[in-house]
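Trainee: Here's the letter readout for the chains.
There are 2 protein chains.
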Amino acid sequence: MNTTQQNLFVHTGLHNWELSLKRATAFFDKYSDEELLQPIVPGKNRVVYLLGHLAAVHDRMLPLLGLGDRLYPHLDEIFVTNPDNPATTLPAITELRNAWNTVNNRLTEQFRNWTPEEWLQKHTAVSDEDFAKEPHRNRLSLVLNRSGHVQYHLGQLVWFNKKG
Amino acid sequence: MNTTQQNLFVHTGLHNWELSLKRATAFFDKYSDEELLQPIVPGKNRVVYLLGHLAAVHDRMLPLLGLGDRLYPHLDEIFVTNPDNPATTLPAITELRNAWNTVNNRLTEQFRNWTPEEWLQKHTAVSDEDFAKEPHRNRLSLVLNRSGHVQYHLGQLVWFNKKG
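In order, the protein sequence lines correspond to chains U and L. Using our numbering, you'd call the opening residue of the first sequence number 68 and step up by one each time. Using our numbering, you'd call the opening residue of the second sequence number 68 and step up by one each time.
Okay, chain U solo, but in the shape it has when bound (with noise of 0.2 Å):
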């Protein structure tokens, strides 16, 4: 296996990673800011929550795998630690969408530096110990799972304001 290969391997789950963010970057992009405040189908979670929560788990991910403290520590509180609820005062969503944006831009751009080795180095939530027993838990595992959860709410989101 040549250079070039083992490249292969990181530029296809990077563009795993590009491709699900660009989906949810369109589907954001393409509601106004009080249609984000709406409920994706009655009695579950309203749009804004969604994009929040996602802004939120990717900044986690900077400490996660490494790349320096989180940005948007604040969003925690409101959108992963306690379920949507229409009566807490939210950020602008201004400020929402702008968190979504930088956070995945600074990661994307950190991932696109990585050699393959680095792609390879355990992510900080693994113990060293653990991580000799399971070297799968590296950082593309964690890069690849939060693609997954951002198709999983994707998943979700296409229900809004759709029939069938």
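Be a bit skeptical, because a hint or two may be false.
The list treats identical chains as interchangeable, and a pair is accepted whether it falls inside one copy or across any two copies.
[To be verified] Below, simulated EDC-like cross-link-like pairs (lysine to aspartate or glutamate); rule was C-alpha separation at most 20 Å, straight line: (1) K189 - E144; (2) K189 - D143; (3) K89 - E201; (4) K89 - E144; (5) K200 - E85.
I should point out that these hints are in silico values taken from the structure, not numbers from a laboratory.
Based on the hints, put chain L in the right spot on chain U.
Mentor: Just chain L now, kept in the frame of chain U:
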């Protein structure tokens, strides 16, 4: 990069695929045939439609990945080509559960035998010309994409029989 590292990329991608299958299978196994005939949420697909849909889409992976002929091509008409229609006569739900497990086992067994080089081969829906320009359109990419597709529908399925 040594052989262990090469195999780690493969192992990480495979793990992502297997985890998605495990979660979806656990979901379908939790509900009776009768429950599968309910809509996920009012006005949306029935659970059984997604079982058949995922089985059909995974069955289509066999020829796409050069792993032989399809096992269940008759599922396409009901579960891919057409939207869910309660007036359509469905195959027995036992047959659908069986198709889902059989095709996933067949795929996963083959994936486990692929070398890193085999993971990077093109899938059959890409032309030689396109693949030369876009070598990330390989088998790994297709498998990660389908894993994301499972996640996408899982996000919908978890809304079945749940509050919030």
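Trainee: Now tell me, hint by hint, if it's right for this structure.
Mentor: Quick rundown of the hints versus the structure:
Taking identical chains as interchangeable, the C-alpha atoms of K189 and E144 are never at most 20 Å apart, the minima being 27 Å within one chain and 45 Å between chains. Within a single copy, K189 and D143 get their C-alpha atoms no closer than 24 Å, and across copies no closer than 41 Å, so neither meets the 20 Å cut-off. In this assembly of identical chains, K89 and E201 lie within 20 Å of each other by CA distance solely across copies; the values are 18 Å between and 31 Å within a copy. Taking identical chains as interchangeable, the C-alpha atoms of K89 and E144 are never at most 20 Å apart, the minima being 26 Å within one chain and 30 Å between chains.
In this assembly of identical chains, K200 and E85 lie within 20 Å of each other by CA distance solely across copies; the values are 19 Å between and 30 Å within a copy.
Hint compliance for this structure: hints 1, 2, 4 are not met, and every other hint is.
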